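**Q** Here my numbering is used: the first residue of the sequence shown is 1, the next is one more, and so on.
The hints are simulated quantities; they were obtained by calculation from the structure and are not laboratory data. In this text, all values refer to a predicted model and were calculated from it rather than measured experimentally. Hints should not be assumed to be uniformly reliable.
[To be verified] For lysine-lysine, the following DSS-like pairs were computed, each having C-alpha atoms within a straight-line distance of at most 27 Å:
id, residue 1, residue 2
1, Lys223, Lys243
2, Lys156, Lys219
3, Lys219, Lys326
4, Lys219, Lys169
5, Lys29, Lys125
6, Lys2, Lys49
7, Lys169, Lys156
8, Lys156, Lys125
9, Lys2, Lys29
10, Lys169, Lys29
11, Lys243, Lys219
12, Lys218, Lys49
13, Lys243, Lys218
14, Lys218, Lys169
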Amino acid sequence: MKIVFRVDSGTAMGGGHLSRCLTLANELKAIANADCLFVMRNHSGHDQKQVLDAGFEVILLPLDFEPDYFCHDYTQWIGSSWRKDAEDTLRAIQAWQSTNIDLLVVDHYGLGIDWENHVKAVASKLFVIDDLANRDHCGDFLLDQTCGRQPEEYHKLTPNSMRLFTGEKYCLLRDEFFQFREIALRRRAECTRPQRMVINFGSTDPHNHTVQLLLLLKKIALKFDLILSVIVGRQCPHLAAIKQQCQHMAVPCELLINCQHVAQVLAISDLAIGAAGASTWERCMLGLPTLLIQTASNQSEVINRVTQRGAAVSMPDNLTAEQLEKALQLLVDNYSEYSQAAAALVDGSGLAEVVAEVC
C-alpha cells in the first residue's frame, strides 16, 4: 500500500496529531507492508526527525505566512490557505508517487471538506482524523477517539457512506502500551502507597505548565513522599527552566527528555498529572489515576467526559497548592476506584478493527 499522511506538529500545536498518525502508520506498515509519506508544513519545532527515525519519508512544505496558533480559528494554524495547502499536498504526492496512492490520511484542525474535496481524487480512499466534530467532512473513513463520542454527532457533518470510528475504543495507541497493560494493572491492584508520580504536559508544553506545577508540588510533595518523573520533548521552549526546577525539588525528581519508553515509565508510576491531550488515553490504557489540567480550550469536552466516567480528577490551569493537595488526596484515598475506571475506559481494542477495514 502507498499511504500519505497530511499532518503537522510544532512547538505551539504540540505533537499529538503526529504521534497518533505515526501509530497508525506503524500498524499499517506491520499489517500491510505500507510505504508511508508524511507531508508536513515547516512549523517552528516540527518533529520530522521522529518520522524519519520511524522509517518513513517526509516532505516539508514552506510556511506562506506566520500562523496564529492562539486563534480559535484553526484555519490560521495552517500557515497557508486551504486551497494552496491542497495544491501543495497534491504536488508533494505526485513527486513521491507517479500513480494514485491507496490511502490519504488527514489529521488537521484547520482542514475540512473543501480541502478534502480538492485532494480526494489522488487516493483510492480518504481517511479523516478529527476530535472536534465542528465542520463538514467527506471521504471513506473518519476516526474521532474522543471519550464518549457517538456516530450521531457526525451524521450532519459527513455523508452516509462514510465509515465512522467514534469513541475511546478507537484510540490510536502504540504497541508498547499493549505490552505494558497487564503489568501496569497488576501493579495498580497491589499498590498500597501511591508514591511515584509522572508529570507530562505534552511534548512541547508551550505555556510552561510543567514549571508552574513543579512550583506547587514543591510545597506539598514531602507530605505525600512523592518520587517524580517529568516527561518533556526536546522541542519544548522551556526546557532550561524545567531542568532548573527539577534540580531544586525537595523530593527525587528525574527529567526525561524525548523519552522513548513512555509506557514503561507510566507502568511503574502510581499517579499522573498532565494535559488532556492524546496522553489521556495512554494513561487510561495503563489504569493510571490522573489529575487532568486543561491547557487548551479544545480539551474541555475530553476532560468532562473522562471525569464523568470516574477515570480522572480535573483541575483548572490556575490551581493553587491547596487545591492541588486536596485533589491528590482524593486520588490517593480512592486509588483503586480511579485506576479501575481508567482501565475500563480504554483497552485499545479498536485499532485492529480500523486497520482491517482500511486494508
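**Q** Hint by hint, which ones does this structure get wrong, listed from lowest number up?
**A** 2, 4, 12 and 14
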